[in-house]
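Asker: Sequence:
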Amino acid sequence: MLFKLMATSTAARELASPPTRPPLSSDMSLQRAATSSLPADVLREIFAYLMPGKNDPANPLVPLTTICRAWREILLNSPLLWRNIVISSINTGWRYRTELEETKLAAKTCYHLAAAAKVRMSVHFVMNGSVGRGVDVLEMLLAELPRWTDAVVGIDAQVKTWYSLTTRVVDLKALPALRCLTLISPPAEFPPAFWSCLPALTELSLAHCFKNFPCGALAVAKQLEEFTAYLESEDVPPLALLAALTPKARATITRVHSRGYMDRSLPAQHLTDDLDAISPSILVWELRFGNFSGEDFMDRLFHPYRPPKFTQLRRISIVVSDTRNSPLALQELRTSIPRCECMLEYLYIRFPRYETREALLLAELGLLLRLPAMKQLSELHIHVSATPGHVNGTDIFLNSFFPPLIAPGLRMLALRGFERIRGQRIDALARARPSIEQLCVDSSIVLEQPAPVDTGLKLRLVDPSGWDHFQVEIPSKILLWEV
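If you're matching positions, the sequence shown starts at 1 in this note's numbering and goes up one per residue.
Honestly, I wouldn't trust all of these hints.
Below, computed lysine-lysine pairings styled on DSBU-like, alpha-carbon distance capped at 35 angstroms [said to hold, decoys possible]: (1) Lys458 / Lys375; (2) Lys222 / Lys458; (3) Lys248 / Lys375; (4) Lys222 / Lys173; (5) Lys222 / Lys160; (6) Lys222 / Lys309; (7) Lys173 / Lys160; (8) Lys309 / Lys248; (9) Lys309 / Lys375; (10) Lys173 / Lys248; (11) Lys222 / Lys248.
Quick caveat, the hints were computed from the structure, so don't treat them as lab data.
Let's have the full structure, built from the sequences with the hints guiding it.
Answerer: As structure tokens, this is what we get:
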């Protein structure tokens, strides 16, 4: 189901913070608190419109048609709903679609929810902004703007509805409680006065907006502590905003659906025309790439501009999209990282099936981990779609970490996607690399006898939910359940 609800406030606050200490043990599952403040009949009323369309299979949502009379009062008095407000709207105006268009729409729908996943303890309203009843719900939520603390707002192709939001904010002159804001597909016609009304804003996320960057966003750059940019494959990061951040800020660039090529006919961003005025060193803390092809890192990411140096870069996460591109992706990563002039602390790489080119893949991985930028790497995650029955896969990867020059500061190694692991190889790794403290594997893995002895290397079995922390498309882990 498209709609998912975050469970507990305490867990949400922990999971929304930067993932420095991932919950990687099977006994650390988070319990879901009962939503006692929301009666079951009210929940059913709120979620009644989130059913697939029966008459139009291409339409993923049916608009809200009825609202319980007591709904408004319960909404305004519920701390669960009003702690953070999320209004995310999917444009369902196209009635006839080809199979490809439907696939793109489904991906975009998931993209909206992924972007919204950064908000702590929130309710996600997924509705069509063009429907009268949906606009009524939006107006009802906007009536309580002063109470908003964290908000995600996404309303596709509804400039008039966006105008309702910005006008209301400007009329209020200030939203003193709003700390975190995510805007999905905002129009470029944002009034500059909107940004001056956010004195408490410390976290800003922008998605689907870098072709028409919202005017005035630079006004809040100096007060931000976290900034996240969700890019499509043709987007160029907002260099001017990144350059305006202060050293205390942590910036994350997330490219979700990268396709490995750039549209060179795209016009340049008006905020990045004068690159001479932009510092060559950008304070980006983390880069995340989905469907990484090895051709869209650095040069392609910043085309047509000269890529800046990322001296503050500490974390990189990539998902390689094709087996044939796996060695190429690592080679591109190996040549790009030195140009950043950074020291990485965290690296996540997800490979597709590897059995046809594993020797070349491991060779490139070894060269990558020998870079000077990897001397302080303390956490490495290798996620492989292993072939069923490929028993020696884990052995091969473990053997590649025996040399002490491979990421010499490594303390935690995670291998995901393997069916079996040999206890003898774990002991051999512990003897060869005593600095590695933890080896994390899937809880479903088969531990072949003899079992590893107590060598100081802790073997941790990770439940499937424990890996959610490492989804490249989501900047922070989120605890979800289906309603």
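Asker: A separate judgement is required for each hint: does it hold in the structure or not?
Answerer: For each hint, the structure was consulted:
no.	hint	result
1	Lys458 / Lys375	holds, 22 angstroms
2	Lys222 / Lys458	violated, 43 angstroms
3	Lys248 / Lys375	holds, 24 angstroms
4	Lys222 / Lys173	holds, 19 angstroms
5	Lys222 / Lys160	holds, 30 angstroms
6	Lys222 / Lys309	holds, 20 angstroms
7	Lys173 / Lys160	holds, 20 angstroms
8	Lys309 / Lys248	holds, 17 angstroms
9	Lys309 / Lys375	holds, 19 angstroms
10	Lys173 / Lys248	holds, 27 angstroms
11	Lys222 / Lys248	holds, 9 angstroms
When held up to the earlier numbered hints, the structure conflicts with hint 2 and nothing else.
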